[in-house]
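Peer 1: Position chain B against the provided structure of chain A, taking the given hints into account.
2 protein chains.
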Amino acid sequence: MRIVALAGGIGGARFLRGLKDVTGPGDEITVIGNTADDIHLFGLKVCPDLDTLMYTLGGGIHEEQGWGRADETWSIKNEMKAYGVGPEWFGLGDKDFATHIVRTQMLAAGYPLSAVTEALCERWQPGVRLLPMSDDRVETHVRITDEDGTRAVHFQEYWVKLHAAVDAEAIIPVGADTAKPAPGVLEALAAADVILLPPSNPVVSIGTILAVPGIRQAVSSSSAPVVGLSGIVGGAPVRGMADRVLAAVGVEATAAAVALHYSSELLDGWLVDTTDADAVGPVEAAGIACRAVPLLMDSPAATAAMARAALELAEQVRG
Amino acid sequence: MRIVALAGGIGGARFLRGLKDVTGPGDEITVIGNTADDIHLFGLKVCPDLDTLMYTLGGGIHEEQGWGRADETWSIKNEMKAYGVGPEWFGLGDKDFATHIVRTQMLAAGYPLSAVTEALCERWQPGVRLLPMSDDRVETHVRITDEDGTRAVHFQEYWVKLHAAVDAEAIIPVGADTAKPAPGVLEALAAADVILLPPSNPVVSIGTILAVPGIRQAVSSSSAPVVGLSGIVGGAPVRGMADRVLAAVGVEATAAAVALHYSSELLDGWLVDTTDADAVGPVEAAGIACRAVPLLMDSPAATAAMARAALELAEQVRG
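Chains A and B, in that order, are what the protein sequence lines are.
What the first sequence shows, in our numbering, is residues 31 to 349, in sequence order.
What the second sequence shows, in our numbering, is residues 31 to 349, in sequence order.
Calculated directly from the structure, the hints in this document are not laboratory data.
Certain hints may be false.
Any copy will do: because identical chains look the same in the list, a pair fits if it lies in one copy or spans two.
Said to hold, decoys possible - DSS-like mimics (lysine-lysine), calculated; alpha carbons at most 25 Å apart, straight line:
{"id": "1", "residue 1": "K191", "residue 2": "K107"}
{"id": "2", "residue 1": "K210", "residue 2": "K50"}
{"id": "3", "residue 1": "K111", "residue 2": "K75"}
{"id": "4", "residue 1": "K191", "residue 2": "K111"}
Just chain A, with the same shape it has in the complex (with noise of 0.2 Å):
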C-alpha cells in the first residue's frame, strides 16, 4: 500500500512512528513535510520540521524534549553566548548544527532541498521517503501587536522567543503562493491509496503544506481516501499551541471545528479523540466520516492503535 503523510514536526513524526509500526515491508511510506517554519540562523538553512521527522524516524531525536539531537551538546551555543551573538532563543545543539552546515553547504552547490534532503536522509534511513512540501523558500510570518506595535515576526520568533503569548492576527506564508511542490510531491499524491493527516498543527504545519498552489488540489482531487487525525483533545491542543493561530484564521479550537476548516472537499475520514465523543455528529453531518478513538500517544503502542484507526478509517470509507 503506498501511504502518503503530510506532516509537522513533533506530533507527525510520532504518529509516523506508530505508522510505521502498523506497516510492513510492502507499505510504501511518502512523507511531504512542512518547511514553512525553515529559518536562516548564523548563516544557516534550518528545517526544524524535516530534521524533526528525520531524527525521530531515524533514532537520534532526543525523545524527551521531542526535537533535537538524542546526547547533544552545547559548545556552539556557550560559545556564541561568549561572543555576544545572537539569537539566544533559538536552540541548536553542536550535533543539530552539523546537519544545518552540511545541508546549507549543499545547498550553495546547487543541490535543492528535495536532493539535500534525501542525501541526509541516506544517513538517517528514516524508513520513509521523506519530501520537503517545496523547494522554494515559504517562511510563515505571524502578524502581531505589542509594545513594539503591530507588525510581522516569523513564526519560530512567535513560537519559540514569544511563545506564542501574544495574539497572532493574521498567519502569512509568504512565498507560498508563488511556490511549487518538490519534485515527487504530486506524483506521490497522485499514486496514493491512502492519504493521511496525521495530528499536525492544521495552520502552520499541514496549512502551510496545503497552501502551495496544487497539493490541495492533488489532496482533494486523488481517488485516495483522505484521513486526518485531530490534534486538538478536549478543546485544547495537545501539545504546542495550535490553539492562538487557529484562532488567527478564525476557527475554534475543537476537534470538529477542525475538521470542518480542511472540509469535506480534502477529508473523507476524521478521528477525534474519545473525549470528543459528541464531535462525530457534527463532522459526520458536514460529510466526512468520524470514529472517537484515543488520539493522545502516550506510548508506543497507543500510538500504533491510532494509525492502525486511521487506515481502518481510509477501507472503511474507501470508494
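Peer 2: Chain B only, in chain A's frame:
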C-alpha cells in the same frame, strides 16, 4: 614603546605571550597576523593563524596542542563523519566552529576581516592590537608532484593532510600581488619604535605577510630597529616543517641562511640559538647585528627571556 610584530601561528603566538610578559602597560603591541593560510571549510572562513594568536593571547588555547580551543568538544566532526562529509583531515572542534560561524556571518554582512578580527578580540582581550595582514583574500598554494601528477594544493592540505611529506616545488601566495595591507598595518609600521619578526615560518608566515605590496617596504624603510628570531635551531625547525618550504624557495634550513634570506635591507638584528653560535659571524658579515641566545620556548621564563633579548638587541642597533 610601540612594538609591531609580524606573526604566524603557534610559534608567533607563544613568542608574543613572552613579549607581553616583559613589556608594561605603557607599551603598545600591534600584531600583524598572517592570513595566507586561511581556508574555507564547510562554507566557513577559517583563519588559523589569527585564531591561534587570539586564543593563545586571550587564554583560550589548547596548550599542549598549540592550536584550537582548550576543553574542546568534537560533536560536529563526528557528525560530519557520520554524514560522510569531509575533509576529515582538518580538525575543527565545536568551540572553534563558533568562532568561524561568527566570523563568516560578519563577513557576509559586509564587514572586512580587520573589523571582524577586532570584534572577535572584544571577547578575547588578547592584550595586543591584532590586525590581519590584509582584508583581501590571499591563499598560499604549494606546487607538488605526486602520484596524481604536478598540481597546486592549498597550504593547509600540504601541511595538515600531506604532512609536508612530499617536496614543495613552489610556494604561491595566490592573491598577494593585488592585496592591500589592512587598515592600520602601514600606519602601525610607520609609527613603530621596534619591529619584531618572531620565530614564525619565514616563508609561509612572515614571508606571505611581507609579500603584501607595501608591507616589506614599510618594514625596511622604517626608522625603528627590525629584529628577528630564528625559528631554525641546529639546522632544523623547532616545530613545524619550515625546512620543507625553505627548500622550495632555495634557502638552506639554517639560522644564518634565513637571516640572509630576510636580508640586511629588512633586518637590523637577528637572534640565533646558542647551538648556532657559529652563525653569528656570517650574519654580522652580512650587515646584520647577531646574538646567540637560547631560543627554545620551553617555558614562560625562557620565552620571556627571548623577548627581552630581542628588545635589548633592538636597543643596541637603534640608530
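Peer 1: All hints are to be evaluated individually against the structure, with a verdict given for each.
Peer 2: Structure-based check of all given hints:
When the C-alpha separation of K191 and K107 is checked against a cutoff of 25 Å, the pair qualifies only within one copy, where the shortest distance is 16 Å, while the shortest distance between copies is 29 Å. In this assembly of identical chains, K210 and K50 lie within 25 Å of each other by CA distance neither inside one copy nor across copies; the values are 28 Å within and 60 Å between. For the homomeric pair K111 and K75, the shortest alpha-carbon distances inside one copy (20 Å) and between copies (20 Å) are both at most 25 Å. Only within a single protomer do K191 and K111 lie at most 25 Å apart by alpha-carbon distance; the minimum there is 16 Å, versus 33 Å between protomers.
Of the numbered hints given earlier, the model fails hint 2 alone.
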